[in-house]
Structure formats: structure tokens, C-alpha cells
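Asker: Chains as they are written, first to last, in the numbering used here: chain A, 1 to 250; chain B, 1 to 250; chain C, 1 to 250; chain D, 1 to 250; chain E, 1 to 250; chain F, 1 to 250.
Among the hints, erroneous ones may be present.
One copy or two, either will do: identical chains are not told apart, so a pair holds if it fits within one copy or between any two.
No farther apart than 27 angstroms at their CA atoms in a straight line, the calculated lysine-lysine pairs in the BS3-like style are these [as the list claims (entries may be wrong)]:
| id | residue 1 | residue 2 |
| --- | --- | --- |
| 1 | Lys233 | Lys157 |
| 2 | Lys153 | Lys233 |
| 3 | Lys16 | Lys157 |
| 4 | Lys16 | Lys233 |
| 5 | Lys153 | Lys223 |
| 6 | Lys157 | Lys223 |
If you are wondering where the hints come from, they were derived from the structure by calculation, not from laboratory data.
Note that the structure is a prediction, hence the values are computed from the model and not measured.
Number of protein chains: 6
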Amino acid sequence: MRIRVILPVSHTTLNKGAFEEAALYASPQTEISIATLERGPQSVEGEYEEAMAIPGILYRAQEAEQEGCDAIISDCFGDPGVKAARELVDIPVVGPAEASFLLAAALGHRFSVVTVLQSVVPMIEHLVTTSGLLTRMASVRHVNIPVLSLTNKAAMKAALYREMISAITLDHAHVLILGCTGMTGVAEELQQELLAAGFNVPVISPVAAAIKLAESMVSLRLKQSRLTYTRPKECNISLSDGRLLAGKIA
Amino acid sequence: MRIRVILPVSHTTLNKGAFEEAALYASPQTEISIATLERGPQSVEGEYEEAMAIPGILYRAQEAEQEGCDAIISDCFGDPGVKAARELVDIPVVGPAEASFLLAAALGHRFSVVTVLQSVVPMIEHLVTTSGLLTRMASVRHVNIPVLSLTNKAAMKAALYREMISAITLDHAHVLILGCTGMTGVAEELQQELLAAGFNVPVISPVAAAIKLAESMVSLRLKQSRLTYTRPKECNISLSDGRLLAGKIA
Amino acid sequence: MRIRVILPVSHTTLNKGAFEEAALYASPQTEISIATLERGPQSVEGEYEEAMAIPGILYRAQEAEQEGCDAIISDCFGDPGVKAARELVDIPVVGPAEASFLLAAALGHRFSVVTVLQSVVPMIEHLVTTSGLLTRMASVRHVNIPVLSLTNKAAMKAALYREMISAITLDHAHVLILGCTGMTGVAEELQQELLAAGFNVPVISPVAAAIKLAESMVSLRLKQSRLTYTRPKECNISLSDGRLLAGKIA
Amino acid sequence: MRIRVILPVSHTTLNKGAFEEAALYASPQTEISIATLERGPQSVEGEYEEAMAIPGILYRAQEAEQEGCDAIISDCFGDPGVKAARELVDIPVVGPAEASFLLAAALGHRFSVVTVLQSVVPMIEHLVTTSGLLTRMASVRHVNIPVLSLTNKAAMKAALYREMISAITLDHAHVLILGCTGMTGVAEELQQELLAAGFNVPVISPVAAAIKLAESMVSLRLKQSRLTYTRPKECNISLSDGRLLAGKIA
Amino acid sequence: MRIRVILPVSHTTLNKGAFEEAALYASPQTEISIATLERGPQSVEGEYEEAMAIPGILYRAQEAEQEGCDAIISDCFGDPGVKAARELVDIPVVGPAEASFLLAAALGHRFSVVTVLQSVVPMIEHLVTTSGLLTRMASVRHVNIPVLSLTNKAAMKAALYREMISAITLDHAHVLILGCTGMTGVAEELQQELLAAGFNVPVISPVAAAIKLAESMVSLRLKQSRLTYTRPKECNISLSDGRLLAGKIA
Amino acid sequence: MRIRVILPVSHTTLNKGAFEEAALYASPQTEISIATLERGPQSVEGEYEEAMAIPGILYRAQEAEQEGCDAIISDCFGDPGVKAARELVDIPVVGPAEASFLLAAALGHRFSVVTVLQSVVPMIEHLVTTSGLLTRMASVRHVNIPVLSLTNKAAMKAALYREMISAITLDHAHVLILGCTGMTGVAEELQQELLAAGFNVPVISPVAAAIKLAESMVSLRLKQSRLTYTRPKECNISLSDGRLLAGKIA
């Protein structure tokens with residue numbers, strides 16, 4: 001099984017972390033590949049950057065289908081372009097946020113998300129609302145670290161731990177979700193540290209949740225319903241100018 | 001007061017209808033101008049086409065602000081780019097769908113939307129869900145006429161009337177919303193015909209609702225909250241390459 | 001366009017503030033007039049006082065229609081008599097609370113209301129619940145100042161500012177609503193002060209929101225649906241004894 | 001225990017039916033008394049008539065408390081004046097609609113209400129919404145018979161039976177509620193007839209539900225919370241002019 | 001009228017308190033009897049213990065019906081076996097949690113539950129969710145005292161008082177519910193103490209609420225709907241081995 | 001990875017179908033084993049039968065953990081004992097209904113369930129309600145075939161197809177879920193037949209969904225939160241009498 005992970009940025013700084021996180025949890029039968037955009041934002045920390053990244057994501061989604069991939073993951077916790085890509089292609093398209101919410105709902109009563117910045121909190125609350133799981137959400141917290149500064153893993157982990165303790169003790173969260181796909185390599189460590197502090201709770205890596213949901217759909221030969229996601233009337237035409245569609249900000 | 005109405009398409013076929021509908025309901029003090037995209041879809045009838053139109057809409061939104069407009073309307077019932085544009089500019093940005101739902105909520109117990117095609121029904125239901133007004137919605141129906149065929153006004157009106165009668169009698173709708181901004185010039189006529197049939201119900205033109213909401217915000221010196229819509233970190237840079245951002249499909 | 005603003009009290013102390021707030025935001029084409037009740041409470045700070053004011057409000061509503069007004073505002077944040085008046089007359093009837101909730105929903109993710117006393121908090125929460133917007137509400141706070149003491153503008157503003165800061169920082173409100181129509185002349189000043197404190201958020205005056213919604217309805221030739229608000233069978237008869245209907249408390 | 005049942009009308013036509021229905025289900029220890037209004041509507045079939053009845057109901061509520069009654073029932077399915085009366089008096093005040101919804105919720109998965117006219121359907125849906133039980137409601141249907149024509153018991157029963165069968169088979173109702181307190185003397189008969197037709201479902205008389213809830217509150221020495229229902233500041237004064245407060249329509 | 005109160009435990013330590021609480025609030029016409037299980041847990045403080053108690057509860061429910069009881073109460077705040085027993089027997093089956101939520105909803109805007117341990121908090125939140133009343137719930141708090149230690153009445157009351165004050169002042173509760181049927185003999189005292197502290201709020205004993213709801217159903221000749229609770233196909237057979245079904249843990 | 005599938009019945013008739021359905025979708029690394037109960041119902045078609053099966057399921061769950069299994073599936077669409085088993089063991093416990101709802105939510109806007117009998121419809125609606133996904137559910141339909149008659153595969157498939165067409169065309173379902181784990185071997189065939197009829201929609205086998213969710217949890221080293229599912233205080237003791245706990249009906 002081949003899964004294409006599309007990073008909604010125009011650089012390759014995040015590729016290694018994204019690949020390692022995906023590969024760590026993928027089945028032995030799964031082959032992971034990473035794509036980035038020709039033009040796109042440096043990071044997605046708001047609705048505007050997300051919107052500018054989506055044409056490029058859609059181009060990469062169609063490319064992935066044409067290259068024979070079995071499923072696509074839009075590798076950002078805003079689930080950018082997921083709905084549009086589901087219209088465009090005939091293979092499963094998975095969003096890490098949605099995958100995380102659904103997995104969390106099977107693990108405990110209420111979940112909290114800990115994300116990067118205040119600017120993405122309303123976006124995540126919109127995603128929870130459309131998923132239907134608003135009554136299962138305890139809170140959305142943030143560590144106040146921009147995506148591109150998550151490379152300082154120690155600082156990221158310390159800040160995540162602090163907010164997770166608050167989510168548990170103040171917001172009554174029972175399950176925790178890392179609210180940025182750039183928060184790689186820390187889910188299990190945080191789960192261990194919370195356990196050591198007396199909180200036996202699951203910590204969900206959104207990339208991991210997305211990989212497993214994509215693998216599940218492919219195994220079950222399921223993909224998005226065409227009654228929700230109608231195939232667009234002009235999508236072949238759009239490819240003729242595809243490269244330009246991969247928008248560029250910087 | 002100057003309001004810029006942005007059509008999310010790359011042709012000018014819809015300009016006249018859009019202008020007339022907006023001008024019909026605008027205050028005498030309001031000056032309406034229409035913009036279309038350099039590159040964009042022929043029409044927006046799904047998530048994919050909406051996504052491809054958004055970069056161009058955002059370019060036009062920033063242009064409108066720089067040209068001194070007081071408010072912006074994204075002239076499509078999918079409210080494309082409204083959230084992203086609210087981050088980008090410092091003037092009110094209004095979506096016709098949201099404006100219609102909110103106005104309908106003040107006019108009666110439950111509203112129905114009648115839109116063009118099945119492909120946009122889930123999009124509209126998502127918009128109602130995030131607005132919070134799902135319990136106020138009776139149904140979303142469609143006339144099965146593509147946007148660009150709405151030019152046959154008689155056929156459009158007959159189909160709308162038929163679905164509106166069903167919305168009232170079968171779905172218990174008390175207020176009706178035209179679910180496409182291309183359905184211009186018929187709201188009041190349909191209201192009259194429904195009245196003649198014994199149904200004294202309001203029929204909302206989404207363009208009209210958007211104009212009035214935009215005028216209200218400008219009059220009240222209100223604009224989107226920066227706690228929901230954080231200004232993007234790189235938006236000035238993006239303008240240097242703005243023309244390319246206006247994505248192109250056909 | 002003529003809009004009648006009905007104060008649900010039997011004195012004229014509040015007339016000047018109500019008129020100035022309404023006139024400040026009304027369009028040049030709009031003529032504002034104020035009515036008070038022959039008999040009614042000194043102020044409305046609970047369900048009982050609201051109930052006692054409603055017959056008088058309804059009398060004034062019918063009078064306004066007969067005198068050729070184009071729309072009616074029930075000038076109290078409990079929206080007293082709005083539903084009953086919509087049955088009684090054939091011109092739009094607007095409630096300031098409902099108008100404020102709907103406007104707030106278009107400006108940011110979640111709103112807080114800051115009202116006068118604890119006694120009206122449950123009433124406001126009921127209004128939000130029936131509007132459908134409960135998931136968009138962050139909190140209802142109060143300044144613990146009775147309506148008739150709001151004349152001390154400095155004290156009112158200081159208390160409002162304090163609660164608004166709490167609404168933003170503790171309840172995660174992104175939009176603020178003044179929860180009493182007697183809180184006149186302070187919305188824009190508070191918005192400026194919050195901005196100076198680093199919170200770029202809209203502050204909604206309920207009178208202003210109601211004026212704009214009423215003007216919008218009249219402009220769009222829309223009024224309440226008769227499927228929700230059936231015309232009462234005996235309303236002409238009631239007028240014969242109208243003056244007595246204007247209940248009196250003190 | 002003494003329970004005062006207040007009819008929101010100015011005539012005594014409904015007294016006998018109301019008393020018999022209440023007495024049929026009251027405990028042996030309970031003494032039922034009926035009050036009507038000096039001035040009030042002929043019947044309550046909309047928001048306007050309800051609003052005009054409330055001052056008179058409040059006058060009777062205070063009178064009931066002063067005469068030593070232990071609880072009050074506002075005998076109409078719109079629950080007129082219940083919230084205001086809870087502020088005014090220190091004895092339990094019960095609304096038949098609320099009492100019926102809560103009882104129905106303990107008897108089956110979803111309930112339907114069958115009421116008199118379309119004009120009261122939105123009022124009942126508002127009451128269900130504020131009760132919180134909207135997801136437990138299957139439908140609100142009506143027999144299209146005005147309150148004062150319910151005296152034709154055979155016609156009423158036939159129409160109720162027809163709508164109840166529709167509620168069960170089309171709306172998936174599991175519990176049925178008579179949606180007008182004037183529908184007396186038929187709940188058990190309808191329950192038997194539905195059973196004979198193969199539907200073993202409870203049929204709730206709203207007067208009966210209200211009597212039992214009132215008796216329960218008195219037995220448990222519970223009454224409305226003063227944190228929700230603050231005592232009005234001027235309620236003693238209002239009594240000086242009480243008789244006039246009992247509004248009159250016809 | 002005969003009501004059987006079934007304690008979901010295999011010992012008789014709790015019988016006296018349960019009987020006294022039930023008898024205190026029962027009508028003079030009501031005869032209360034208590035049953036315990038042959039095999040069952042020492043107490044129910046989680047889903048596992050509840051599940052192990054249910055077969056024994058169902059055996060006792062069928063026994064109660066065969067012995068001519070008019071109604072059954074499953075005497076635990078998890079409402080164990082209530083849904084299954086409603087299928088099994090043809091007399092009303094009442095759960096104290098559901099009865100308390102419904103009664104609370106008629107007494108004030110929002111209620112809080114104060115229960116024994118954190119382990120039952122999610123169970124209670126599930127019960128509120130299925131009841132439909134989640135938007136009426138302020139919070140579920142716990143005193144951190146196991147069921148079998150509630151015998152120290154002074155300690156229990158002090159802890160309950162402390163949490164109730166927090167529920168009122170921090171969670172904005174207007175009505176309070178004792179969240180364990182073992183919290184007997186303290187509801188009225190706590191109500192008095194809260195009143196003395198300035199909080200005029202109802203405190204609901206779940207046993208009392210259940211007794212009153214059961215008496216109401218019997219008086220009104222109502223029982224659970226067979227459309228929700230279908231009679232099981234093999235329930236007579238099960239009785240042949242009934243004694244063994246009454247599961248035993250210790 | 002070893003997954004134990006527990007059938008909540010005391011016979012082995014369903015073993016072959018359950019094993020084949022699970023094995024068909026399991027990863028190559030997964031080893032499936034089936035367990036049945038010593039004592040239990042013939043089938044689970046209501047709350048009573050479910051309750052009687054749960055002690056036996058819990059016994060089998062503890063046995064599975066002791067035998068080194070990595071995850072447990074309670075193989076019935078009522079998710080019997082899932083919550084209690086999550087308290088009891090330290091390996092993931094998955095319910096097929098919950099797994100199906102969550103998977104469906106990622107595939108389309110609204111799902112319908114088609115189950116066996118009317119008697120389980122309310123149970124399934126309760127499960128959807130506690131999952132939080134009620135607004136994502138289109139309907140729960142049934143084929144009116146008891147579990148043990150599903151062996152007639154042609155009749156089952158024809159009835160399922162008929163109800164699925166109704167779910168799509170009348171209830172606006174976009175995703176379909178088989179509402180009984182006994183409906184094995186037909187999900188993909190039905191998906192093909194619906195596609196041939198013009199409906200390109202996913203059809204979910206609940207056993208398959210559960211296998212994939214269990215595999216995902218094990219791969220991600222996640223299990224239920226101990227803040228939701230507290231370990232029961234007496235669970236070791238219970239094992240001493242474990243065999244008797246496995247209740248028997250017939």
C-alpha cells in the first residue's frame with residue numbers, strides 16, 4: 001500500500017520529521033512518500049495561509065493518484081484541502097485533525113487539543129464542530145510556539161507537558177491530541193511522562209492517527225462517498241495549468 | 001460607503017445580474033463595484049472549484065482594501081474565502097450564506113435553502129453547522145440547474161417555486177433562502193407568488209442579505225474580531241506575487 | 001423610513017439616551033421616534049417585570065403600525081413582546097438581543113454578553129438558546145448595576161471594561177455585546193479602550209444592532225413569516241380596550 | 001395539599017373539564033381549586049393571546065399564595081407566565097408542557113405532541129428547545145381544531161387518534177402528549193385505542209403531568225431556585241393595582 | 001401502591017438508609033419494600049460493578065412484578081439495569097439519576113450533580129447526555145468518598161456542602177443533585193445550610209425524586225413505551241435459571 | 001498482533017461467519033480468535049439480552065488479556081460490555097458500532113444504519129447519541145429479520161439493499177453501515193450493487209471497522225484513558241467466581 005503525505009509548504013525542512021513520524025506507525029506493508037508544494041506558505045498558522053496552500057495540495061493530490069498511490073494525507077492539523085481533494089480524486093483522502101478527533105472519541109470521554117498558536121484555535125474549533133464531536137471536546141489549548149520553532153524539541157515538549165497537565169486538571173480532558181503535525185517524535189514520550197505524573201491517558205499523534213485511518217480505508221476498500229463529494233466538472237482542464245495552481249506566498 | 005462585490009469566476013457573464021441585485025437593495029449612500037478573477041472557475045458548484053477560486057478572491061480582497069473600499073462581499077453562496085479574507089484585511093468581509101442564515105433566523109422559526117445542485121448541498125449544510133444554526137434549518141433543497149443555466153429565468157423561477165412549496169409543506173420551512181447568488185431578480189416575485197398561493201413567508205436574496213449586513217457593519221464601525229481572525233504573518237510579501245496567486249482553472 | 005422604538009417603562013428618563021443611541025447609528029433616511037408605556041415597570045430586570053410590560057408594548061406596537069411606522073424595536077435586552085408583536089402587526093418587529101447575537105455571530109467565533117444584574121442572566125441564556133446560537137456563546141456576565149443606575153456613565157464603563165476583560169481572558173470571548181439597552185453611548189469608547197489594551201474586538205451596542213436589522217428588513221421588503229407568527233384571531237377587538245391593556249405596576 | 005389551577009381565560013366554560021381532569025389524577029390528600037381571569041382572552045392560541053393573559057395569571061398566582069395554596073399550575077400548554085410567576089411567589093409553579101416533556105422523557109425514546117392549531121406549533125417547539133429536550137422530540141402535530149371547539153369530544157378524539165397514528169408510523173414517536181390542556185378526558189381512552197391497534201405507548205395528559213409534578217415538589221419541600229428566578233424588586237407595589245393588571249381582550 | 005426498591009448490592013448494610021429515605025418522601029398510600037441481590041458487588045462505583053449487578057437486578061425486577069408490585073426503582077445513581085428491566089416487566093421502572101435530572105430541569109436553569117468518586121463522573125455525564133439535558137447541566141463534582149464510607153454522615157455532609165458551594169459559585173449551578181443514592185438523610189439539611197449561606201436553591205435527593213416519579217407513573221396509569229422497550233423474546237425461559245443470573249462478585 | 005473477538009452468545013453457530021469477516025479485513029500480522037460465552041443469550045436483540053450477556057463477555061475479556069491478546073472486540077452492534085471491559089482490562093476494547101460511526105464520519109456527511117429489528121433501533125440511537133455524532137446520523141432502519149435468520153444470505157442482502165436505497169433517497173444518507181455484526185459477507189457486494197444503481201457510496205461492515213480500529217490502537221500503543229475508565233476495585237476477586245458470572249439464559 002502506498003500513502004502520499006502532502007506537506008502544505010514550499011520547503012523541505014519538515015520532510016524528515018514528517019516521514020519519520022509516518023513511518024514509525026505505518027504497517028510493514030505501507031510505503032510512505034512525502035510531497036511538498038512548488039509554491040506555498042512557510043507554515044500554516046491561519047485561514048489565509050491554509051487557503052493559499054490548497055491549490056498546491058490539490059495539484060499534489062491529483063499527481064499522487066496518477067502515480068498510483070492508494071491514499072493521501074494532507075499533513076497539517078487544519079486538514080487543508082481535504083474536502084476539495086475528496087471531490088478531485090478516487091482514493092481516500094485523510095485529514096489528521098479529523099482522524100485524531102475520531103480516534104480520541106474511542107479512547108475516552110472528552111479530549112483536549114494542544115496546538116501551536118492562538119491563531120489556529122478557532123480553525124480547530126470549527127473542525128471539531130463540523131465533525132459533530134463538539135460535546136466530546138474539553139478544550140483547545142496552545143503552547144504559543146510557531147510551527148517552524150517546533151524544531152527545539154525540548155522546549156516544545158516542556159510546553160506541551162505543561163498545557164496537557166492544565167487540560168487534564170482544569171478542563172477535565174481524558175484524552176490528549178497534539179494539535180500540529182509538526183509536533184513529531186513526542187507523543188509516546190509525553191504519554192510516559194503523564195503516566196509517571198499519575199495520569200494514565202492516551203496522547204495522540206495526528207500523523208499517526210491519519211496513517212492508521214488511511215490504511216484502514218484502503219484495507220477495507222472504502223473511500224469518500226460521492227454523494228457528499230461530487231466529482232468536479234472541470235478537473236481535467238485544471239491540470240493543464242496545474243503547476244501554476246501550486247500557489248506561492250514567499 | 002463603497003462595497004466591493006467579488007465574483008469567484010474568471011468571466012464577466014454574471015456581472016450584470018450581480019450588480020443589479022446588489023444595487024437594487026443598497027442604500028442610496030452605498031456605491032457598489034464588481035470584481036472578477038483573472039484566473040478562476042467558470043462557476044463554483046463544489047469544494048474543489050471553491051478552493052481554486054479562493055486565492056484570486058483574496059487577491060481581489062486586498063486590492064479592494066487598498067483601493068479604499070469599506071467592505072467586501074464574496075459573491076457566492078459557499079462563502080468562499082470569507083474566513084481567510086477576514087484575516088487578510090481590516091475592513092468587514094461578508095458571506096452571503098452566513099448573512100442569509102442570520103437574517104432568516106430573525107424572520108421565522110425554521111428556514112430552508114433552495115440551491116442549484118446536489119453537489120453544493122453538503123457544503124451549505126457545513127456552513128449552517130459552523131454558524132450554529134443547524135436546529136433552525138428545515139432543509140436544503142436543490143433545483144438541479146447548474147449556475148450558468150440560471151440565465152433561463154423562467155425555468156429557474158418555476159423550479160424554485162416548486163421546491164419552495166415542498167420546503168413549506170413537507171419540511172415545515174417558515175422562511176426561504178435562495179441558495180445561489182446567481183439566482184438574481186426573483187426573490188420578491190417568488191415571495192409574491194407564494195403569498196398568492198396562501199403562504200405569507202419571506203424569501204431572502206443572499207446578495208441582498210449580504211449587502212445589508214455589510215452596510216450595517218460599516219455604519220456601526222464594526223469589523224471581524226482579531227481574536228478569531230489573526231492577521232497573517234506574511235501577507236505583505238504575498239502581494240509581491242499577487243497576480244499569480246489569482247489561480248486559474250480554465 | 002420610520003422606526004418606532006418602544007421603551008418598556010412608564011417614565012421618560014431613558015428617552016434621551018435611547019433616542020441618541022438609535023439616531024447615532026440610523027441611516028440618514030431613517031426617522032426614529034420613541035414611545036413609552038402608560039403603565040409599566042420602572043425597569044425590566046426579570047421575567048415578572050417583562051411580563052407586566054408586554055401588554056403596554058403590544059398596544060404601542062399596534063399604535064406604531066397604525067401611525068404608519070415601517071418597523072418596531074422593543075427597546076430592552078429581554079426582547080419583551082417581540083414574538084407577540086410579530087403576530088399582531090404586519091411590519092417588522094426587532095429585538096435588540098436577537099439582533100445582537102446574530103450580528104456577533106458574523107464578527108467572530110464566540111461572543112459574551114455583559115448585562116446589568118444576575119437576575120437577567122437566565123433570561124438572556126434562554127434567548128440565546130432559542131436563537132440556536134448557544135454553541136457560539138462564551139458567557140453572560142453582569143456588572144451588578146441596576147438599569148436606573150446606569151446613568152453614572154463613568155461607573156458603568158469601568159465595570160463593563162472590567163467584565164469584558166474577564167470575558168476575553170477567562171471565557172475566551174472574541175466579540176462583546178452590551179447586555180442592556182440602557183448601556184448607551186459607550187460601545188465605541190469601550191471598543192477603543194479594549195483595542196488600546198491589545199484586544200482588537202468588536203463591541204456591539206444592542207440598540208444599534210436592532211436599528212440596522214430593522215432598516216435591513218424594511219429595505220429588503222421582508223417581515224416576519226406568518227407561518228411562525230399567525231395573526232391573532234381577536235386583535236382588532238383588543239384595541240377597543242387598548243388603553244387598559246397598557247399594564248401598570250407602580 | 002392545596003393546588004391552584006389557573007385558567008388563562010376570562011370565562012368559566014373550561015372550568016368543569018379542567019377540574020375533573022385535575023381531580024381524576026390528584027392524590028387523595030390534594031385539594032384542587034380553579035381560578036380564571038377577570039380579563040383575559042377567550043383562549044390562548046398564539047403568542048399575543050398568551051402575552052395578554054399573563055398579567056392576570058400573575059395576579060391569580062400571588063392571590064393563590066396569599067390564600068395559602070401549596071403550588072400553582074398555569075393551565076395552558078404554552079406554560080404562560082410560569083417563569084414570571086416563579087419569580088413572584090415562593091411556592092412551586094408548574095407548567096403543563098414542561099411537566100409533560102419531562103415525564104415523556106422517562107417513558108420512551110422520543111415523544112410527539114399533538115396540539116390544536118398550527119399557530120401554537122412554533123410556541124411548543126420553543127418550549128421544547130428551552131427545556132433542552134429537542135433531541136427527544138419526534139414531532140409537533142396539530143388536529144386543526146380551535147380550543148373552544150374541543151367540546152366536541154368525539155371529533156377531537158378521532159382527530160387526535162389520526163394524528164397519533166401518523167406520529168407513531170411517520171415520525172417514529174414512542175410516547176404521545178396531548179398538546180392542549182383543553183383536551184381533557186381522553187388520554188386513557190386514546191391509550192387504549194392505540195393499544196388495540198397494536199401500539200403499546202403511553203399517552204400523557206398535560207394537566208395530569210402537571211398535577212403530579214406539583215404534588216411531587218410540595219412533598220419533597222422543593223421549589224424553584226432563586227438563582228434562576230430572582231424575586232422582583234417591586235412586586236408588592238404591583239398588587240395595589242392588581243385587579244387592573246388582569247388584562248382583558250374581549 | 002407498592003414500590004420495590006432494588007439495591008444493586010449483595011449485603012444489607014444500606015437497607016435501613018434506603019428505606020428511611022424512600023419512606024420519608026413516599027405518599028401515605030405507598031408501601032415501600034427493599035430488595036438486595038443474592039450475588040452482586042459491595043457497591044457500584046464504575047461500569048464494571050454496574051454490569052455485574054444488572055443480572056441480579058433484573059431477577060429482582062421480575063420477582064417484584066410477580067409479587068404484585070406497582071413500580072420498581074433501581075436504587076443507584078448509575079440507573080443500573082433500568083433500560084433492560086423496562087423491557088422485561090410491565091410495570092414502571094424508574095432510575096434515580098434520570099428522575100433527578102428531569103425534576104431539576106423544572107426547578108432552575110442549570111443543575112450540578114455532586115457524586116462520590118471520579119470513577120462515576122463519566123457514567124453520570126453519559127446518563128445526562130442520553131437524557132438530552134446536557135445543555136442544562138452545569139457540572140458533575142465529587143466528594144472523593146467511597147459509597148461505603150458515606151456512613152460517616154458528618155464528613156459526607158461537610159464535603160457535599162463544600163462542593164455545592166463550588167458548584168454554585170464557580171460552575172453557576174442553580175439546582176443541586178446528590179449524585180449517589182447512598183447520600184441519604186442530608187438533602188433537606190444541606191438545602192437549609194445553603195439557604196443560611198445566602199443560596200436559596202433546591203437540593204434533590206435522588207431516591208426521593210425516583211419515588212415521586214414512580215408514584216406519578218402509577219397514579220397516571222403510565223408505563224414505559226413498548227416501542228422503545230420491546231419485550232424480550234426469551235424472558236420466561238431465563239427465569240428457570242434466575243437464581244444463577246443474580247451475579248455475585250465477592 | 002492477537003485480537004480476541006467475543007461473541008455475546010452461548011452457541012457457536014455464528015463463529016464461522018464472524019471469523020471469516022474478521023480475517024478478511026485483518027492485516028497479515030493479525031491473528032484473530034473467537035470466543036463465545038458459557039452462558040448467554042441465543043442472540044442480542046434488546047437491552048435485556050445485552051445485559052444478560054455482559055458478565056460472560058467480561059469474563060472472556062479478562063481471559064483474553066490473561067492469555068496475552070493485544071485487543072478485544074465485543075462482537076455485537078450494541079457494543080455490549082465495552083465500557084465495563086475498558087475498566088477491567090489494560091488492552092484496547094473496541095465496539096463495532098462505535099468503530100463504524102467514527103469511520104463513517106470520515107467518509108461522508110451523514111450515515112444511516114440498517115439493522116435487524118425495531119427492538120434494537122433505540123439502542124443504536126443511544127449509542128450514536130453518546131458518541132456525539134447524532135447530527136451526522138441520517139437514520140436507523142431495520143430489515144425486520146432476526147439475527148439467527150440472517151443465515152439466509154440472499155434474503156438478508158435483498159432486504160438490506162431495499163432499505164439502503166430508502167436510506168439514500170428518503171433519508172439523504174451518504175454512507176451506509178450494516179447494523180448487526182451477523183450481517184457478514186455482504187458489505188462489498190452491496191457496495192457494488194449500489195454503485196451499479198448509480199450510488200457511489202461506502203458500505204461499512206461493523207466487524208471490519210472494529211478490526212481496523214483495534215489494530216490501529218495496538219499499532220499506536222494507545223488504549224482507553226484511565227480517567228474515563230477507572231480500574232474497578234474488586235476485579236481480581238470477581239475472577240474467583242468467574243465461571244458463574246458468565247450468565248446463561250436458555
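Asker: Tell me, which hint numbers fail for this structure?
Answerer: Of the numbered hints given earlier, the structure breaks none, since each of them holds.
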